[in-house]
Amino acid sequence: MFDQNFILGCSAIGAGLAVIAGIGPGVGQGIAAGHAAAAVGRNPGAKGDVTSTMLLGQAVAETTGLYGLLIAMLLFFVKPLVG
Amino acid sequence: MNYGILLADDIDFMVHGIFKYNFFGLGEVWITTTHVCLLIVMLILIGFAIAANRCIAKAKDEPTGFQNVVEMIVEMLDGMVDKTMGRAAPKFYNYIGTIFIFILFSNISGLLGLRPPTADYGTTLALGIITFVLIHVNTWTHNKPVDIWKDKCSPLPPWLPIWLPINIISDVAVPISLSLRLFANVLSGTVMMALIYGLLRWIATGWPAALHVYFDLFSGAIQTYVSCMLTMTYISNARGDK
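Protein sequence lines correspond, in order, to chains A and L.
Each residue of the first sequence is one higher than the last, beginning at 3 in the numbering used here.
Each residue of the second sequence is one higher than the last, beginning at 3 in the numbering used here.
None of these hints come from the bench; they were simulated from the model.
Please note that a few of the clues may not be correct.
With a Cα cut of at most 25 Å, we get these calculated DMTMM-like pairs of lysine to aspartate or glutamate [as the list claims (entries may be wrong)]: (1) L:LYS93 / L:GLU77; (2) A:LYS49 / L:ASP149; (3) L:LYS62 / L:GLU73; (4) A:LYS81 / L:GLU30; (5) L:LYS93 / L:GLU30; (6) L:LYS93 / A:ASP5; (7) A:LYS49 / L:GLU30; (8) L:LYS93 / L:GLU64; (9) L:LYS85 / A:ASP5; (10) A:LYS49 / L:ASP14; (11) A:LYS81 / L:ASP14.
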């Protein structure tokens with residue numbers, strides 16, 4: 003129905019839009035790291051525990067951004083919309 | 003690939019089939035680069051394990067050289083499991099230690115020119131499914147069925163199981179998110195390095211080593227730690243005791 007190049011171009015635009023999902027995890031991870039830095043400043047003895055908790059939370063927060071990345075990858079390299 | 007904008011045709015980070023065979027008449031199965039890289043990683047790890055075993059078998063009271071390294075690795079892994087899982091830790095030293103070393107070497111194998119086996123969803127989904135089975139075996143062996151039912155209807159009272167499907171979906175999502183997280187992190191590093199080498203060609207000599215340190219070593223180690231921590235957290239939540 004549509005020209006294949008048109009679909010490829012739209013897929014590329016969609017891939018670009020999909021990785022905008024990276025904004026959320028970026029902000030969230032920054033907030034987590036900032037609070038962890040504050041916590042270490044208040045209680046330097048708990049540095050190990052604070053760091054591991056922060057990494058765990060950041061990894062969970064990162065998931066949504068990675069889903070966006072996966073969608074972009076699929077659109078760009080697997081090309082599901084090109085029939 | 004026919005993207006004119008990329009200016010390069012040799013950007014290569016996909017899984018390649020090496021040869022295919024007929025799987026007992028059920029269909030065609032491919033042996034891919036992932037299998038080969040996985041085999042190389044496994045051989046390295048098995049060689050290391052045999053060497054470590056030999057070394058520990060004739061261990062001395064004052065450790066020297068290789069024995070120091072082996073003891074340090076084992077103590078570090080056991081300490082990590084101890085800190086997270088508490089009383090249940092000794093049962094899981096083996097599993098967590100194994101997946102830690104395996105994922106770590108798989109992620110780092112990008113440095114050796116291999117395609118990291120964890121950048122294939124097949125590998126990480128297998129790890130996720132193992133964890134899923136462990137979570138549910140531990141749930142059913144350490145809790146009474148009544149408590150499990152109460153937990154599955156959790157925000158609402160147990161005689162009103164409206165929330166049950168949502169909780170089941172969130173249970174099923176655990177292995178998927180666990181495996182997708184590892185897969186996407188390693189894949190993004192692999193894709194980034196492939197794009198840099200494919201697009202910049204001769205400009206990309208020498209300095210991408212710094213990027214390798216970040217994408218392969220740092221990111222790989224962090225993701226290893228994170229997936230082991232999440233596995234341990236899920237399992238100790240399922241056991242419910244501390």
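Tested hints:
1. L:LYS93 / L:GLU77: With Cα atoms ~15 Å apart, LYS93 of chain L and GLU77 of chain L stay inside 25 Å; holds.
2. A:LYS49 / L:ASP149: Distance of about 36 Å is beyond 25 Å: violated.
3. L:LYS62 / L:GLU73: holds, 12 Å
4. A:LYS81 / L:GLU30: Roughly 23 Å between the alpha carbons, so the hint for LYS81 of chain A and GLU30 of chain L holds.
5. L:LYS93 / L:GLU30: With a Cα-Cα distance of about 39 Å, the restraint between LYS93 of chain L and GLU30 of chain L is violated, given a limit of 25 Å.
6. L:LYS93 / A:ASP5: At roughly 59 Å apart (the allowed maximum being 25 Å), ASP5 of chain A and LYS93 of chain L break the hint.
7. A:LYS49 / L:GLU30: Violated, because 53 Å separates the two Cα atoms, which is more than 25 Å.
8. L:LYS93 / L:GLU64: Not OK: LYS93 of chain L and GLU64 of chain L at ~28 Å, beyond 25 Å, violated.
9. L:LYS85 / A:ASP5: Not OK: LYS85 of chain L and ASP5 of chain A at ~58 Å, beyond 25 Å, violated.
10. A:LYS49 / L:ASP14: Measuring from Cα to Cα gives roughly 41 Å; hence the hint is violated.
11. A:LYS81 / L:ASP14: This hinted pair holds, its Cα atoms lying about 16 Å apart.
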